[in-house]
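J.: For the record, the sequence lines run as chains U and G. Just so you know, we're using the numbering used here here: the first sequence kicks off at 1 and counts up by one. Just so you know, we're using the numbering used here here: the second sequence kicks off at 1 and counts up by one.
Heads up, some of the hints might be wrong.
Pairs of lysine-lysine residues, derived as DSSO-like cross-links and limited to a Cα-Cα distance of at most 27 Å, are as follows [to be verified]:
hint	chain 1	residue 1	chain 2	residue 2
1	G	K11	U	K744
2	U	K52	G	K93
3	G	K126	U	K485
Rather than coming from a laboratory, the hints here were simulated on the basis of the structure.
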Amino acid sequence: MKNLKIINVRFFAQTSSVLRMTGRELMKKKFSVVGTNVIREDGFDKVTGRAKFADDYKFDGMLHAVMLRIPETHAKINSINYLEIENDASIISIITSADIPGSKKVGMIKNDQPIFCDEVVVTPGDVLAMLVGEDVSRLRSALSKIKIDFSPLPVLTDPKKSLEPDAILIHPELGSNLIIHHPLRKGNIEKGFDESDQIIEQTYTTQLIEHAYIEPEAVIAIPLGVNGVKIIGSIQNPFSARRIIAAVVNLPLDKVQVIQAQLGGSFGGKDDIMCILSARAAVAAIKVNRPVKIRYTREESILESYKRHPYILNYKVGFTNSGKIKAMKIDILADGGAYCSMSPFVTWRSVVQATGPYEVENVHTDVRAVYTNNPYTGAMRGFGSPQPIFANESLMDEIALKLGITPYEVRKINGLKAGSITATGQKLQNHDVNLLTVLNVAAKDTDFLNKWKKYKKDKSIVKKYDFTKSVFNDSQFIEPDQLIKKGIGLAVSYRGCSLGAEGIDAAACYLSFQNDGTAYLLSGLAENGQGLRTTFSIIVAEELGITTDNIFYLETDTSRVPDSGPTVASRATLMGGGAVKNAAEILRGRFEELIQEEWKLKSEDEIVFRDNKILTTDNRSLITFKDLCKLAASRGINLSTIGWYKSPNVDWDEHTGQGDAYFTYVYGCQIAEVSVNLGTGEVYLDKITAVHDPGTVINKLGAEGQVYGGVTQGAGYGMLEEVTTENGLIRELNFDQYLILTAKDIGEIKPIFVEGKEIYGPWGAKSLGEPTLELTAAAISNAVSNATGNRFFNLPLNLEEVLLGKKLRPVEVKRGSLR
Amino acid sequence: MISLKFILNGKQVTVETEPSIRLLDLLRAKLNLTGTKEGCGVGECGACTVLMNGKAVNSCLILAAQIEGSEIVTIEGIANGNELHPIQKNFLKYGAVQCGFCSPAMVLSAYALLEENPNPTEEEIKDAIAGNLCRCTGYKQIIEAINESAKELTTR
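Make the full structure from the sequences, and use the hints.
T.: Okay, here's the thing in structure tokens:
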């Protein structure tokens, strides 16, 4: 893959700001704002309904666009006849591929996704063309009058068949359905199995799921004549959107201004799809010279947007009788669906982390992503980690059971420690390798060992039913006091922070103090609801000893701040926060110089910024921060700056899967306590204890919120959620069928933070958003196994999986929003 | 076109509208009250919750014509200018807001609950917001905020 070139630059502590940061940290005894409860910066607007999401914007003369699709999974389009709507006054314009001045195909990594699919449809979400007019309902009724002549093509929905020699090709011009293959070779796999006393081979599968952000996609394009086009939308990554829009409308980057509206949830999901919707809106707006809005219904959102990759994971693990893993052979197949999207990067994280956080001498891993006609898959919170974690953490419990030891012991024997070598050959150093710490804290806090032994079943206690007989015999009834069984299960993970070898990793921040002590702050990373504005305001406040209410966070706009890469990979606090701290340090340095001169101080070390004041270390009050800004402005000092933070380099050999994949890691352990109803298969989540080391916690309320939300999403993934398809067509197109957890479905969640030392990031703050989600399904599965004596190999653990060990698929059943 | 008379956020209003539109569209498109959100359009997500005669309802499932003579409260009618209602204050204090798309509706469901049941148990709070989906927060801080608001409002 192009962006994953072998980078043979050595690991080095890179910026002076990193070093300076640690110097200050040593002197700083206590934080004043960092780690406290701070009310979110955009909170007032969000609880009063004033916050403007994309669909809340209206402009004079604004038109709407609706999409033309066919309910086919794979078809050649022979012709599209618009004759019947040509004289329809409600249609201002028909937008087709012919209206695109630039790239007709786009993509995050590979340009394989057409803006309009007027030659061939490869998945049901594909859009052939677009109608633009004033009234959405009239446009929608006009859609049915368009005559589309198409020839259905054979459909490929089974990823296992996609690499067979006679498989139909989704994109024939590419010559193969293989999107990417990541090999990893470490040690000698045969030798490893030879040295093993026991071997387990197991296949696991995970399902297709939807991001289910509550706000459906919306975007408005506003034509600016010779100045290009302005976009306002529910966009996770404004700079990615700008790049794609610019390519499609054939304009330079400076003529495409992308503004992020308040974003109603994303979780990785409003990236590719929003780039494409924005590009469609831009093409239309430029053509008709009026603002054009696209707003999706929930059905369209689920139909067209990308999802989480379903994986088929084959694991073969060899271990000694004392519990030491000697070899792991892993073969993973990811269904990329109809387009490449982020598949190469998603599966790259999988290849790095597929063994789980264990020292394994001999590893042989192959991860492949393939094209099918299924809905396409891309980035989703977790990004290629929840799938292998479900597999490797289930496997660890199996090893423990086979050896008669506990899940805790098997992880303790094999878990990564300081100085351990990972599967990619990376030595873990320069940070607290806290895997065993989080494991110990979680096990102790939950009394794991005692409960696990108490609940453990030696064989399955789930009743077997013979459904060919209409009458049950006595032995099939469950005594009322035997109906509910408790179980406890754990899962651990390590996770590489930020982008790793995916690409350039740097971020910017604009900080500008006014002469009354207030400030404008803007990062090149985006607020997706996670609370980045608040976290960044806290960093400025901490560095300059002021309160966050003096900081005004500006609207995210590609024309106002440097490109900082995407807001993904749990990198915002680490990278964006690093840039914010750098900006605050630059301005602090200018203030210090002025203060030293003005008050004739010997060293900047005598200066303390605290409580909106400047003091000396011996507590002499010099000036208020407000007056300091006034003084500095009157001396002609520049009170604005751009902060910058670049990650240290990483290296990766794509042929062997060896290298320092990420510059640092975070560690987590989650323990699930469940009650299982043996009569219905229902799993009640009694409690999830989530112990994470995200480095320093900057924004405490936000961090806790990340844990609660991530665990709840992870529990949905573990127990409930699944997008099923019939010949490629999605069944669950709205929340009547696609179920996510409600307030009544989740039990107690207890977040515990272990704040390990780290040299990177603002005061050593790293990543949290994704680690919180990736563990939950695996922990729940292990807990249900503990309760029932049955093991589970296929997510989700819904009622029938728990009770019958298989999924019941509706056949020819149409209900709810599927008519 | 029909003419509708109703009370909106405490004020008597009269609007002309097509009879076929939903209350949600009336609020968002005609009256520019965009704090009411559309998440699913089929009454599952609750993002369009408003109060109708004191009850929390999904405005996507109510035809505009049905509100004749009713009292409607939207999120815009909860705060007193810049002075937040205790429920709103506690949503901020307890971190109950992330992306904020479901927040107006959550606040209104909480408001309806506390009007009817000033001392709800945790289960009753969960019941009251079971029709409001939130993908960000895991509901924990929302439940805490509502619980705290109940305490504050009853001791005032």
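J.: Now, for every hint given, state plainly whether the structure supports it.
T.: Right, here's what the structure says about each hint:
1. K11/G to K744/U: violated (36 Å)
2. K52/U to K93/G: Holds: K52/U and K93/G sit about 21 Å apart, inside 27 Å.
3. K126/G to K485/U: holds (24 Å)
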